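Start from the sequences, fold in the hints, and give me the full structure.
Protein chains: 2
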Amino acid sequence: MKIKTIGLIGTGIMGFPMAKNLLKQGYQLNVHNRSQESIKELVKLGARATESPAMAASSADAIITMLPDGEVVEKVIAGSDGVINVIKPGVIITDMSSTSPDTPRKLQSLIHDKGAYLLDAPVSGGNVGAEEGTLTIMVGGDKEAFEQMMPVFKAIGKNINYLGESGAGQITKCANQIIVALTIEAVSEALVLAQKSGVDPNIVRDALMGGFAHSKVLEVHGERMLKRNFKPGGKISTHQKDTKIALDIAKKHNLYLPGTALISQLWNAASAEEGGADLDHSALIQVIENMSETKLNS
Amino acid sequence: MKIKTIGLIGTGIMGFPMAKNLLKQGYQLNVHNRSQESIKELVKLGARATESPAMAASSADAIITMLPDGEVVEKVIAGSDGVINVIKPGVIITDMSSTSPDTPRKLQSLIHDKGAYLLDAPVSGGNVGAEEGTLTIMVGGDKEAFEQMMPVFKAIGKNINYLGESGAGQITKCANQIIVALTIEAVSEALVLAQKSGVDPNIVRDALMGGFAHSKVLEVHGERMLKRNFKPGGKISTHQKDTKIALDIAKKHNLYLPGTALISQLWNAASAEEGGADLDHSALIQVIENMSETKLNS
Numbered sequence: 000m001k002i003k004t005i006g007l008i009g010t011g012i013m014g015f016p017m018a019k020n021l022l023k024q025g026y027q028l029n030v031h032n033r034s035q036e037s038i039k040e041l042v043k044l045g046a047r048a049t050e051s052p053a054m055a056a057s058s059a060d061a062i063i064t065m066l067p068d069g070e071v072v073e074k075v076i077a078g079s080d081g082v083i084n085v086i087k088p089g090v091i092i093t094d095m096s097s098t099s100p101d102t103p104r105k106l107q108s109l110i111h112d113k114g115a116y117l118l119d120a121p122v123s124g125g126n127v128g129a130e131e132g133t134l135t136i137m138v139g140g141d142k143e144a145f146e147q148m149m150p151v152f153k154a155i156g157k158n159i160n161y162l163g164e165s166g167a168g169q170i171t172k173c174a175n176q177i178i179v180a181l182t183i184e185a186v187s188e189a190l191v192l193a194q195k196s197g198v199d200p201n202i203v204r205d206a207l208m209g210g211f212a213h214s215k216v217l218e219v220h221g222e223r224m225l226k227r228n229f230k231p232g233g234k235i236s237t238h239q240k241d242t243k244i245a246l247d248i249a250k251k252h253n254l255y256l257p258g259t260a261l262i263s264q265l266w267n268a269a270s271a272e273e274g275g276a277d278l279d280h281s282a283l284i285q286v287i288e289n290m291s292e293t294k295l296n297s
Numbered sequence: 000m001k002i003k004t005i006g007l008i009g010t011g012i013m014g015f016p017m018a019k020n021l022l023k024q025g026y027q028l029n030v031h032n033r034s035q036e037s038i039k040e041l042v043k044l045g046a047r048a049t050e051s052p053a054m055a056a057s058s059a060d061a062i063i064t065m066l067p068d069g070e071v072v073e074k075v076i077a078g079s080d081g082v083i084n085v086i087k088p089g090v091i092i093t094d095m096s097s098t099s100p101d102t103p104r105k106l107q108s109l110i111h112d113k114g115a116y117l118l119d120a121p122v123s124g125g126n127v128g129a130e131e132g133t134l135t136i137m138v139g140g141d142k143e144a145f146e147q148m149m150p151v152f153k154a155i156g157k158n159i160n161y162l163g164e165s166g167a168g169q170i171t172k173c174a175n176q177i178i179v180a181l182t183i184e185a186v187s188e189a190l191v192l193a194q195k196s197g198v199d200p201n202i203v204r205d206a207l208m209g210g211f212a213h214s215k216v217l218e219v220h221g222e223r224m225l226k227r228n229f230k231p232g233g234k235i236s237t238h239q240k241d242t243k244i245a246l247d248i249a250k251k252h253n254l255y256l257p258g259t260a261l262i263s264q265l266w267n268a269a270s271a272e273e274g275g276a277d278l279d280h281s282a283l284i285q286v287i288e289n290m291s292e293t294k295l296n297s
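Protein chains in written order, with numbering that gives the first Met the number 0: chain L, 0 to 297; chain E, 0 to 297.
No wet-lab data here; the hints were simulated from the structure. Values in this document were obtained by computation on a predicted structure and should not be read as measured data. Check the hints yourself; a few may be wrong.
It does not matter which identical chain is used: a pair holds within one copy or between any two.
Said to hold, decoys possible - 25 Å max Cα-Cα, derived DSS-like pairs, lysine-lysine:
| hint | residue 1 | residue 2 |
| --- | --- | --- |
| 1 | Lys23 | Lys157 |
| 2 | Lys240 | Lys195 |
| 3 | Lys157 | Lys215 |
| 4 | Lys294 | Lys251 |
Okay, structure coming up:
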């Protein structure tokens with residue numbers, strides 16, 4: 000079955016630019032969101048506004064959710080006014096939010112009972128990747144559904160991979176978030192060391208680009224740190240949620256993840272000041288800076 | 000003054016391929032090394048073997064040292080049989096070993112007293128970068144000497160940067176090593192999480208390449224981890240030395256580097272088994288794996 004009509008639930012910082020790219024590729028879009036601002040914009044571009052998640056889903060071949068966390072996803076899909084109540088056999092539900100792998104695993108049998116399919120397909124690449132349609136998409140779940148969704152994924156992303164059964168996409172996203180968080184910490188410590196020992200961190204970053212210390216984080220987040228531009232991008236609060244998911248998985252499988260555990264504490268410290276948790280995750284460098292200037296009462 | 004004859008002291012895992020690239024570019028080379036195997040090879044390629052560091056230095060326009068640590072560098076340059084005893088005005092000494100920034104700072108005035116110049120110019124890129132002549136070179140010290148050495152640096156490296164006064168090269172190398180170490184830890188934790196929760200870490204690595212989690216370490220060291228290829232490359236013992244330098248700088252400037260401190264302990268754990276410290280630094284993943292399977296007596 001070729002997918003023509005998509006019910007998109009959640010048109011926030013990620014869902015909104017994804018919706019624009021889907022409209023651009025000729026998909027019919029039923030949109031639903033709590034706040035109405037982005038919905039009005041999308042209606043101007045040809046989307047149809049709907050009153051509830053169930054209404055967004057009712058005439059759609061595929062449903063995409065892009066929501067803040069797993070709790071909201073469960074409510075939108077399996078709640079009293081949820082998608083599950085109107086779902087028809089053969090329809091594909093794709094949750095692109097970042098959640099625990101337990102969220103899709105819990106929902107899967109409910110959805111299979113209706114003859115429908117479920118994919119967990121979280122993304123990486125942030126707001127910019129969503130705007131440019133270059134998101135990395137990490138997919139787990141029903142493989143035949145993955146193949147059907149491929150043209151849709153290609154409208155919003157670039158590096159698209161099937162990782163395995165339900166939850167595998169979320170586990171991969173979790174691995175992604177561990178690496179990004181620890182690399183932000185790595186770049187923070189390196190730039191603070193350079194700065195405080197009197198070497199210009201701007202030139203240090205230039206010198207390290209392209210070598211073994213090279214990373215996308217050194218490029219993107221390193222620049223943000225040096226320009227003191229902490230407008231998100233990816234929020235500390237979001238990364239804090241993802242780090243908690245990683246530590247929950249670690250607890251479940253008895254894994255030793257000392258770097259991830261350390262980062263979870265640094266996110267806490269970064270959130271201590273009002274508004275801290277809403278800054279870009281590259282603002283982690285300020286924790287390292289502040290701790291390197293701690294003032295104690297004597 | 001155009002540099003024609005170079006005294007190269009230290010022709011080990013890094014110095015040997017550097018020497019070959021210098022010979023290829025037409026430089027006359029006086030070589031000295033403790034073990035004679037690499038010296039014999041280089042003599043076949045046109046180098047002149049010498050009996051001591053001082054003899055390697057005596058007729059040279061420039062001297063390059065590539066040695067295991069700062070203590071050896073100080074001995075070779077300022078020791079009783081050292082380079083300092085034969086050095087002529089205008090000669091440039093370039094130490095390309097990785098040392099504390101204190102090493103060049105200590106040596107600088109001794110060398111200036113002879114009318115000679117000193118650069119600290121540690122490298123990144125490992126054995127492969129040295130073979131290919133694509134090393135990243137991070138230079139501190141006498142700026143006019145840096146400009147004179149530029150053609151020599153171009154024979155062995157690619158990304159060549161002047162960072163500032165004496166020690167600035169070593170501080171930058173230290174920043175490099177912090178980032179590489181923490182990124183190795185990041186990739187280790189992510190791959191162990193994927194593996195132990197049942198997702199193929201090979202596909203996870205593929206899915207993350209090119210996205211925000213992308214790094215040279217994910218590419219090079221990630222592949223080594225997955226192929227269980229821990230032949231060095233960069234040894235754990237070397238990175239352990241560099242991490243100690245980072246923590247010494249942190250102590251001096253009262254810096255808070257919790258990730259670097261954590262890594263220093265993980266290097267210790269990685270060195271617990273006979274031969275562990277001689278493995279490639281990507282073998283750090285085995286500490287994470289082993290700790291995730293710790294067996295306790297009951």
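Going through the hints against the structure:
1. Within a single copy, Lys23 and Lys157 get their C-alpha atoms as close as 16 Å, which meets the 25 Å cut-off; across copies the closest is 43 Å, which misses it.
2. Within a single copy, Lys240 and Lys195 get their C-alpha atoms only as close as 31 Å, which misses the 25 Å cut-off; across copies the closest is 21 Å, which meets it.
3. With identical chains, the CA atoms of Lys157 and Lys215 are at most 25 Å apart both within one copy (16 Å) and between copies (20 Å).
4. In the homo-oligomer, the alpha carbons of Lys294 and Lys251 lie at most 25 Å apart only across protomers (17 Å), although the nearest pairing inside one protomer, at 39 Å, exceeds that limit.
In this structure, none of the earlier numbered hints is contradicted; all agree with it.
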